[in-house]
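Enquirer: Listed below are the residues making up each chain.
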Amino acid sequence: MTLRRLPHVAWLAAVWVALWGDVTAGNVLAGAAVAVGLVSVFPGARPGPAAPVRPAALLRFVGFFVWQVIKANAILSWEIVTPKRHLEAGIVKMELHTQSDAVITLIANAITLTPGTLALTVHRGGPLPILYVHILHLHDVESVRCDLAQTERLAIAAFGGATTQQRTSAVRR
Amino acid sequence: MTAVTTVCLAVLVVAGLLCLVRLARPGSLADRIVALDTLLVVTVTGIAVAAVRSGSGAFLDALLVTSLLGFVGTTTVARFMERRGP
Amino acid sequence: MSAADLVVAALLLVGVTLSLLAAVGLNRFTNVYSRMHAATKPATLGVVLVAAAASTRMADPDDTVKLLVVIVLQLITAPVGAHLVGRAAYRGGTPLGPLTLDELAEAEHRRDG
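Those sequence lines, one after another, are chains A, B and C.
Each position in the first sequence, counted from 1, maps to that position plus 7 in the working numbering.
Each position in the second sequence, counted from 1, maps to that position plus 2 in the working numbering.
Each position in the third sequence, counted from 1, maps to that position plus 652 in the working numbering.
Treat the hints with care, as some may be off.
Stretch-level coverage of chain C by chain B, calculated; a stretch enters the list once three of its residues show a Cβ under 8 Å from a Cβ in chain B [as the list claims (entries may be wrong)]:
| # | region |
| --- | --- |
| 1 | 664–676 |
| 2 | 704–714 |
| 3 | 737–743 |
Please keep in mind that the hints were generated in silico from the structure rather than gathered at the bench.
Glycine included, every Cβ here is placed at the ideal spot set by N, Cα and C.
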């Protein structure tokens, strides 16, 4: 177990303590022991190079994400309640400008959690990973693509590393 | 607050019944697993509302276990479904 | 009822309405993937709202923390579950229904042919 896994161990120990409720020395030690044991037995994916989290960008990402969720829920609720119309579903493709597994997972989760979009599959063969997103109602393709690109950009700004930032801004220009 | 929680629980019962209706209707495996997952989420919501109604957190451990089981079950059936087909 | 009680009551009602809409959408939509959209997302957000409202009403701080753990858990696991079911349905060959735009099919054909 290398020191790189320390965030995993800390997170697992924190969940253990939260489940027990009291922050006593016994709980913390037991949590740490269980976490170390679990991480040793089930290593999981190798953690990539740690990238610093930028708090301002993180706030922007969370704010945009919450707004998307509220808006999409309202739209979906309306579509459920109004009489059946022909839904124009579709699958759009999105090129992702990051190679980090953690950031791709975060983007896919954020996209899946907003109603109306579902991350279907990721193709990693080419130069850039491509994410395919299933859209529930494609009434305006460009605005959907815009929202997806905005999600990706804000997530990379919050969590991606420095080189990813440069690549992203270079592509945008 | 008791009146509000009563209304909430009634609404959740209706939601659960609709999930069961979906489960019984002819459809693919994906439909059935989504219906079960939704039913479990409705159950978790119900436990949380019951906790508000009674004011005690005696069954919150059941809430945690139910949500974990829902996730694990859905994931397992999804892996199974990839090989088997709809 | 005080203002805080009103907020909690409103959150509870909105949360369970989302769950009800999820169940209704499960029955109304005609396509497998549309049903997946309608059922998983609003139900999860309903649970988050209800748990958030409930966490403020617990007398014991241990229970508050447990509800917050449930919220975080649901926010992390529900999208993963929905994605896996969607991907499994696609790979298993579930019919997609009428699509106005399908960029994945083009990519698959290019890979096969």
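Enquirer: All hints are to be evaluated individually against the structure, with a verdict given for each.
Expert: Comparing the hints with the structure gives:
1. For the region 664–676 of chain C, the assignment as covered by chain B holds, since 10 residues bring a beta-carbon within under 8 Å of that chain's beta-carbons and 3 suffice.
2. For the region 704–714 of chain C, the stated coverage by chain B holds: 7 residues have a C-beta nearer than 8 Å to a C-beta of that chain, and at least 3 were required.
3. With 5 residues carrying a beta carbon less than 8 Å from a beta carbon of chain B, the region 737–743 of chain C meets the three-residue requirement, and the given coverage holds.
Checked against the numbered hints given earlier, this structure breaks none of them.
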